[in-house]
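**Student:** Fit chain B with the ligands to the supplied structure of chain A, relying on the hints for placement.
So the chains spell out like this:
2 protein chains.
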Amino acid sequence: MRCKLCGRPAYIKLHYPRMYLCEEHFVEYFERKVQRTIEKYKLLRKGEKILVAVSGGKDSAVTAYVLNKLGYDMECLHINLGIGEYSEKSEAYARKQCAIIGAPLHIVRVKELLGYGIGEVKTRRPPCSYCGLTKRYIMNKFAYDNGFDAIATGHNLDDEASFLLNNILHWNTEYLAKGGPLLPGEGKFVKKVKPLYELTEREVVAYALAVGLEYIVEECPHARGATTLDMKAMLNEMEEKRPGTKMNFVKGYLRKRHLFELREKVELKECKVCGMPAQGEVCSFCRFWGLEKPLDFRVRRG
Amino acid sequence: MRCKLCGRPAYIKLHYPRMYLCEEHFVEYFERKVQRTIEKYKLLRKGEKILVAVSGGKDSAVTAYVLNKLGYDMECLHINLGIGEYSEKSEAYARKQCAIIGAPLHIVRVKELLGYGIGEVKTRRPPCSYCGLTKRYIMNKFAYDNGFDAIATGHNLDDEASFLLNNILHWNTEYLAKGGPLLPGEGKFVKKVKPLYELTEREVVAYALAVGLEYIVEECPHARGATTLDMKAMLNEMEEKRPGTKMNFVKGYLRKRHLFELREKVELKECKVCGMPAQGEVCSFCRFWGLEKPLDFRVRRG
Ligand SMILES: [Zn+2]
Ligand SMILES: [Zn+2]
Ligand SMILES: [Zn+2]
Ligand SMILES: [Zn+2]
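If you read the protein sequences in the order shown, they are chains A and B. According to the numbering used here, the first sequence is numbered sequentially starting from 11. According to the numbering used here, the second sequence is numbered sequentially starting from 11.
Just so you know, the hints here were simulated from the structure itself, not pulled from any lab data. There could be a bad hint or two in this list.
No copy labels: a pair is met if it fits in one copy or bridges any two.
Unchecked claim - Each computed EDC-like pair below joins lysine to aspartate or glutamate, with the alpha-carbon atoms no more than 20 Å apart:
no. : residue 1 : residue 2
1   : 132       : 302
2   : 198       : 159
3   : 52        : 228
4   : 242       : 33
5   : 261       : 184
6   : 266       : 247
7   : 14        : 34
8   : 106       : 229
9   : 188       : 250
10  : 106       : 224
11  : 99        : 184
12  : 242       : 277
13  : 56        : 122
14  : 303       : 159
15  : 266       : 184
16  : 251       : 240
17  : 251       : 155
18  : 50        : 184
19  : 275       : 169
Same shape as in the complex, but just chain A (with noise of 0.2 Å):
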């Protein structure tokens, strides 16, 4: 088949919608879609400074590639979790992405921070919800202290669409009120940002194969990944009988969502620890990896 918009062969059949596409136009088709995506749901400005969290993996790989073609400041932030050979690899993948982008690289390493690696701790709480929980406070912690105004993370389509999926199967309702492309920032929180939130997974493996961008495969050895997996393969099977469904399930959500905002607000005091938001007296950070004084992740500038 060929392209649709010049005849050369096709790269890439899109589903939805649905048309055959040559590289150099899938390329420039992606492209356009974030920049649109950012601005339908108005995601970031020009010179806003932005903290791309680069796990090695493709999503964020992409994010930071698009974002930074696109002209948005941008530097990148990778944490090593500390799992063994598999974090070596992901930070190799993730220095690699970064210097094909030409983008700063800061990375911050959880066992050098923290004594332990992830899955190294004794604690009866599963890994992925403690990973969960680090990851996202050194994210946040790491763009606030050194002035950035948005966080962007690599969440395609397909992560939100199975991320709804299934919490709505369990009814996890609390958690449909923190979907979307865009969490406003507040107070000691900083903005987040999904920039490939209309792009499926599919898209995006296509793209990082047409720009040379590549990336870690494995999957981190302590994810219960079988659920994620079966709701992508559950939606998938929908989408080729009925293209556009994830998308049109994606969309319908945002439209609903505000049946799930809680009506109360829950107030956040500061931690006592490290000052950063907490519904205690410490944050859930904190608290789990007993720290006693902050984490500082400022930058000196040369």
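**Tutor:** Chain B with the ligands only, in chain A's frame:
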């Protein structure tokens, strides 16, 4: 395999809870579960006059059969939709079922009553849409006119789970306020209950077979059932991987249903034609069928 309770050869393997039962113990299990559903959700009290809507299909036949066996005061209503041979067959099955049950059967024929069968009306509305409207109205008016305290329908767990999943995937949150085993009566709306709410389609089929109820298997020729079937297939796939998925999905919904309830109640007027509840001057049933005087379903009692 053998019955968990008596060691005789098993008639069925239940998936959730997982156990083998002989025919006799399965029938007992099934009926006890209906009774417990009725009590748990406060659907019916002994002494209430119940109208069971029997379509000729398995679910409503089993509902009527079990309610009668459990000693409830019940009569049946069959609505002949006037869809050619399909409706003739359905009516014949309903008659046979009620004869077995030994329950009084009332029959309302749409075509005799209103001049056209479902599918014969010149309208842009799809048949399933005005069929639903028509059945709901006749069921309710018949029950109201004849002093019934409740209408029992045959909805089973699979129906409810697929209804919920479909409306969630499309974010039809208005409909999500209307699920559940009990729709309380209000004004001229007669209470509606679903005694098979916690029983799966598979269990209903096995019960019908065990007690010798025959039923129509064909789908209505107008059915756009593809979506419902897709949803049921998907849910069954998930159920196989994680037994209990459907039940937990439905129970989770019941805990969160309040999120979907409208904060402001729509004030209903009385239909100028029939006196039943209406959103405008004339109710949607009288408007659709162009009625000028009310239908009267009062039955002469001998
Ligand atoms: Zn082209
Ligand atoms: Zn803290
Ligand atoms: Zn037995
Ligand atoms: Zn009316």
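**Student:** Go through the numbered hints given earlier and state which of them the structure violates, listing their numbers in rising order.
**Tutor:** Checked against the structure, the hints that fail are numbers 3, 4, 6, 9, 11, 12, 13, 14, 17, 18 and 19, while the rest are satisfied.
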